[in-house]
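J.: Please model the entire structure based on the sequences and the hints provided.
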Amino acid sequence: MTVLDRYLAAASQPATTDQVPVFDEFAAADGTVREGWSSLLDSLDEFADTDLVQAQREVARLLEDDNVTYTPSPASTLSIADEPNGHGPSAAGTLNGLVEPQPWRLDPLPLILDDREWAGLEAGLVQRAELLDAIMADLYGARRLLSRHHIPAAAIFDHDEYLRPLVGSEAITRQRLFMIAADLGRDITGQWKVISDRTQAPSGAGYAMQNRRVVSRVIPEIYHQANLHRLTPFFQAMRLALVDAAPSSVEDPRVVVLSPGTHSETAFDQAFVASLLGFPLLEGSDLTVRDGRVWMRVLGKLDAVDVILRRVDSTWMDALELRPGSRLGVTGLMECVRQGTVSVLNNLGSGVLENPALLPFLPELTEQLLGQSLRLPSVETWWCGDEAALSHVLNNLDSVVIRPISRGHGRSVRGAALSSRQRELLVNKIKAAPHRFVGQEVLHLSSAPSSEEDRLVRRNVVLRSFAVRSGGSYIAMLGGLARVTDDNSKGRGVFVTEPNGQLAKDVWVVGSEPVAAPRIVARGRSGEEAGFVPAVSASIAMVPRVLSDLYWFGRYAERAEDLLRLVLATRTAAIETDLDVTHGHALEVLLQAVTHVSTTYPGFLNQGVDMMPEFRSLLLDRHRMGSAAQSLGALSMAAQGVRDQLSEDVWMVLADIERALAALAANPYDQGLQLTDASERVLSGLLALAGIATENMVRDPGWYMLDSGRGLERALQILALLRVTICRERAAETDRLVLEAVLTAAESIVTFRRRYGTRPGVDAVIELLVIDPFNPRSVAFQLQRIRTDLRALPNTSPTARPLRLLDALAERVRIADLATLAESTNGRRAPLEELLAGLQNQLRELSEAIRDQYQQPPPTQRPLFRTDAVGNTA
Amino acid sequence: MTSYRIEHRTTYTYESDVTGSYGLSHLRPRDLAWQSCLAHEITIEPEPADLFRHVDLYGNTMAYFHVIQPHTRLVVTSISMVDVGLNELNPEALVVPWEWTQPRLRDHDGEAWEAMDFTFPSPYVDIPPAIEDYARQSFPAGRPIGEAAVELMHRIHSDFTYRSGSTTLRTKISDLLEKRTGVCQDFAHFMLAGLRSLGLAGRYVSGYLATRPAPGKPRQAEDAASHAWAGCWIPGAGWLYLDPTNDRVIDDSHTTVAWGRDYGDVPPVKGVIFTEAKKSTMEVSVDMAEV
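Protein chains in written order, with my numbering: chain A, 1 to 874; chain B, 1 to 291.
Simulated from the structure, these hints should not be mistaken for lab results.
Where hints are given, some of them may not hold.
As the list claims (entries may be wrong) - Restricting the straight-line Cα-Cα distance to at most 30 Å, the calculated cross-link-like pairs of lysine-lysine (BS3-like) are:
| # | chain 1 | residue 1 | chain 2 | residue 2 |
| --- | --- | --- | --- | --- |
| 1 | A | K429 | A | K193 |
| 2 | A | K431 | A | K193 |
| 3 | B | K179 | A | K431 |
| 4 | A | K429 | B | K179 |
| 5 | A | K301 | B | K270 |
| 6 | B | K172 | B | K279 |
| 7 | B | K278 | A | K301 |
| 8 | B | K270 | B | K172 |
| 9 | B | K172 | B | K278 |
| 10 | A | K431 | B | K278 |
| 11 | B | K179 | B | K270 |
| 12 | B | K172 | A | K429 |
Stated by the list, open to error - Stretches of chain B that chain A covers, calculated by requiring three or more beta carbons in the stretch to come under 8 Å of a beta carbon on chain A:
| # | region |
| --- | --- |
| 13 | 31–44 |
| 14 | 59–70 |
| 15 | 264–276 |
Stated by the list, open to error - Short, incomplete list of chain B residues facing chain A, as computed with Cβ under 8 Å:
| # | residue |
| --- | --- |
| 16 | H54 |
| 17 | W100 |
| 18 | Q102 |
| 19 | R104 |
| 20 | L105 |
| 21 | W239 |
No experiment lies behind these values; they were computed from the predicted model shown.
Virtual Cβ for every residue (Gly too), placed ideally from N, Cα, C.
T.: Here you go:
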């Protein structure tokens, strides 16, 4: 009996009396396999029997390679039945600040749906998008639905996302709803029902595409065998719709994606969608409002922005008119929206459509607004603002899910799962403001085969599907993002939508015939956008934040690389000297150099510090300033901030580096062998990063910034190393060992030997590592490199401060006299020490000048002085 | 009918340069059955790069401005010429039992849906349970709405002490209930909370109050002030505007500028500045002269 046979047998067994007989996605009630799966049955059978475990590992590795993550949001853990002030049981564990990103988890086995069945769902989804769009237009326009009581006014006026400053604005009523998502589940008859609508800033389309990419690589044979509908047309449509949404007077609109930042829940999804579409990923501080329109702050100038695809919730979008103090949006944006100079998508205020109080009214609204009947039902919903519905909900609390009408008021709860204390609290809350709550039927959801080690188990599934504006209507993604519960104990119903413990599934819509190549109807100015080619020039974001992240990407990569080289060179010296740490001998000098250069004090400056544990800490301790792990962590953070600017190979390399360090961390008894191995692996990863930057990155301002960061850091590292090694004269044998290690760490030993033979000479070392303009490891070389980089940047006049500082630096190096520098008096080389220290200071000044010139963030934003009272007489 | 010239000047000073200042103002008096705004002008120093006017959802005129010239002093001056008469309500509408005036029970009433907007808690008007107990004392079953609302105003006036600086924008209704001190804005918010706790529609009104000098004394500029009061919806008649600070129905000394759910919808001036300055001060002067 195969794994699939066993699943089939289990799923088609009649339910026991205390179980609800749920619909299974794979097995029909008569024990046969459902349409869609059946044509792939043999391959699936073989796969499930032999490759299941391996495939799960492979999926995890690919996701890790691409750094696909999800960050659970602390806010979403508090339910409406918990007491406020964070005393609820579920608020525990999120109190100490930021939540770490969690790895995205994906089942190699997709959810398969037959395209004939899908067609019904798709039509329903498209209709729903049209309906929600029409409701939106009315709520912010004529408001006939309210005045004629088609929608109860209480459900809108007391909703957090109804943005009054936009009501009646002509520009906003002209703007169509751009995209919707719907979370769907099946009831026990197999009917799909909408559990909730996502209209604020729907997330997940990027994850869906990522899932598809991974699954297609892990099970390529089945993927190619399936008559699979592709996801690409959806993203093409998205791109067209974004361009089409620009204010009508704009010829070649600039579109940007606005993210709340790298700490947001779906940061990966945002960055991935931005790079799929070829539009820059920005944050609020990258934009500014002037002359009644939105601009992107690029090097020394402002570039007009026409369309903003927002992933920031509406109420955070403007500190002037919406939430005061918000820095996630753009101050003055609402005015631009009213003036019609920018299109924000989804429209500001679209969150009001997520209101579950609308659900009971949708069938009638479809008749009213579209003259049709509602195709895709919602889960049965009772709006408590209606007296009969209220008493139904209160009398049947155990069999419903309670949801607040505004998402921000807390997570939904299932009545049956409440403690008596919570129940009392919730009932009182409902009675105090019934219109703020709905009760919903508990959907039993369908089950789908899901991998768990070498078995397939039944898991409840929720499907997020997407529709985007296309021409005069909408088109749906032929696929979606499915999520299944983590364990099958009692996870029925809404709990599958809880933030934690989910496994994603790719969604395959398959036909019985090969699928024809997708066609997309282009219209108007988008006619030339035939292929799916990201607009290269438009995707270059030269905003200060991005330039700063790339600069630090370069600096941290170099800093980590140089420390690893020094550690490796020191370890080699340690073996050569048989661990002779006698005072004044070479190894002591080098160990202390490691501490000085990395600034990981006190480190080896303390007496009797063991070498191996200290090296280990320098590699692994993320919280230790100056450690390689800290540099690598910062490198990764900088990369996150500019994800859309970087090649996907970068993530693969970073994942490899992580794995190398993890392997070392996993072996606490290492005597040095693994440490060397890990260092070498990390080093080769960093070299790969340098290679990617040289070979694969477009020479745009971002690249020049990255490269100048690398050059500046390298120069600083060389100077720091020389300062603590060659400024003193020691015994000849000690000096020989030290110089050799320094040259090895500076990756110049081969050149040195070729040029100077084996004659160890401080003057030769200074020449090669400081003055020689042809050695790519020398200070002089870095100065030239930074000059070339900066001159390639816009907004750089020949008299710009960074260039003037570079001139001074270069001059100081040029006039340096080798003989004087190499000379020692009383064992010290004072002139050399002075030169090196002076160059270090000037380089730090240069770094600040670069920051001021190219990476300056906008000034701090504050509220205008607010009086506490308007009256001053009685 | 009384005519006024109103000059309202708000001056902000900063300890160091402000490089950008975005502002929004509600300063133009409204045109109403009992009031006309004959002329209105806003001047902003330094001169803003942008100045746009809009009419908002409630019919208030607002102005958006953006100053890009670096400055350490921002002055917003509004000069308005306005004629104010008396808002006369149909006395019959005021004697209906108060329960009938709850918008949520008036599905048949074509205006009730809009009044619904003023029946819920809003950012500056929370509705703690105790406020209902306070308000209900003036609203026994079947009492005429006009009488009940006016009594609520009397009680607020006599229970509360006017004290500048005793409250802030973060003061909650429950704090007011406990401390019983505040300024006109607090009294207006408190009255709105009371009306809304009973399901009635209450709106916040921002405006000016002219105070007449004592006989024989010259008029003082500081006699006038920006002021706030509350409106209670009366089906079929409009709104009954009550000034709990001065314990009277508004009259021709009250100039109406803007209304909304609470102060937050209609502050005279609000804004966001870009600066490294830590300290700033604000000074307001209102000169309201009968002409």
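J.: Please go over all the hints and tell whether each is borne out by the structure.
T.: Hints, verified against the model:
1. A:K429 - A:K193: holds (28 Å)
2. A:K431 - A:K193: Holds: A:K431 and A:K193 sit about 28 Å apart, inside 30 Å.
3. B:K179 - A:K431: holds (28 Å)
4. A:K429 - B:K179: holds (26 Å)
5. A:K301 - B:K270: holds (28 Å)
6. B:K172 - B:K279: With a Cα-Cα distance of about 26 Å, the restraint between B:K172 and B:K279 holds, given a limit of 30 Å.
7. B:K278 - A:K301: holds (28 Å)
8. B:K270 - B:K172: holds (20 Å)
9. B:K172 - B:K278: Roughly 27 Å between the alpha carbons, so the hint for B:K172 and B:K278 holds.
10. A:K431 - B:K278: Violated, at about 46 Å.
11. B:K179 - B:K270: It holds: about 27 Å lies between the C-alpha atoms, which stays within 30 Å.
12. B:K172 - A:K429: Satisfied, since the Cα-Cα distance of roughly 19 Å is no more than 30 Å.
13. 31–44: violated (count 0)
14. 59–70: Since 3 is at least three, the answer is holds.
15. 264–276: holds (count 11)
16. H54: holds (6 Å)
17. W100: violated (18 Å)
18. Q102: B:Q102 check fails; min Cβ-Cβ to chain A is 12 Å, beyond 8 Å.
19. R104: holds (7 Å)
20. L105: Since the shortest Cβ distance to chain A is 11 Å, the answer is violated.
21. W239: violated (17 Å)
The structure is inconsistent with the numbered hints 10, 13, 17, 18, 20, 21, although it conforms to all the rest.
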